[in-house]
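Given these sequences and hints, build the entire structure.
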Amino acid sequence: TPSGRIQYCFTPAPPIRADDIPPALRQPNAVLLGPLVNEIGPDVAELFNRDETLVVAVPQGWMREWDETGRVHAKHWENAAEILPHVDVLVLSLEDIDFDLNRLDPFFDFLSMVVVTEYRDGSTVYVRTEDGQIRETKIPPRHAHELDPTGAGDTFATAFMIRLQETGDPLESARFANITASMSVEAEGVTGIPTRQQVFDYMAQHPFTAEAPDAAAPVE
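Per the numbering used here, the very first residue in the sequence shown carries number 46; after that it's consecutive.
Watch out, some of these pointers could steer you wrong.
[Claimed, not checked] Simulated crosslink set (EDC-like; lysine to aspartate or glutamate; CA at most 16 Å straight-line):
1. Lys183 - Asp214
2. Lys183 - Asp166
3. Lys183 - Glu163
4. Lys183 - Glu217
5. Lys120 - Asp96
6. Lys120 - Asp133
7. Lys120 - Asp143
8. Lys120 - Asp145
It should be emphasised that the hints constitute simulated quantities derived from the structure, not laboratory data.
Shown next as structure tokens:
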């Protein structure tokens, strides 16, 4: 709608507990915690050994509640202090924090990296340095011909996680994720999700270098 997204929740998913995770799935290279309706508890986040597993969280499902009509509203993330100590990177949108960047500050008490997606404007990587300062790097977008934006945020988070686990470079990973998500909205459903090679080809044709700690070089 012109005033933003309206969502309803009528049949929330049952909780996912630590006991629901098979032992064979408890030592992945990377894991994405992305609840829809607060169904992932702190005991799941605690499962993973962060020396072996990159843990990325998309917290919007922990920041939702719904009224008697089912309409979804934003709420305070009540168990953040229980989950964030077990997370390496937080990925969320400007909409998730009501466009108030000051709401990121408490997260840095627990982790050193937050990535904020900014819809058509790309994304920004925030990293807490050893001296406690927050380094901010803007990652420019790939401009897309949008057809179906459904799932773009999840596509971004997944692509970012995969590339960060592979490279350890958050700026390249955010660039990779920007491109992947922008391509994904140019067709309906999952048919728009590009191949890895398509993303690499675009990156090769549009080189990107962050020139300063607080700014990223333009792409076009």
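Hint numbers contradicted by this structure: 5, 6
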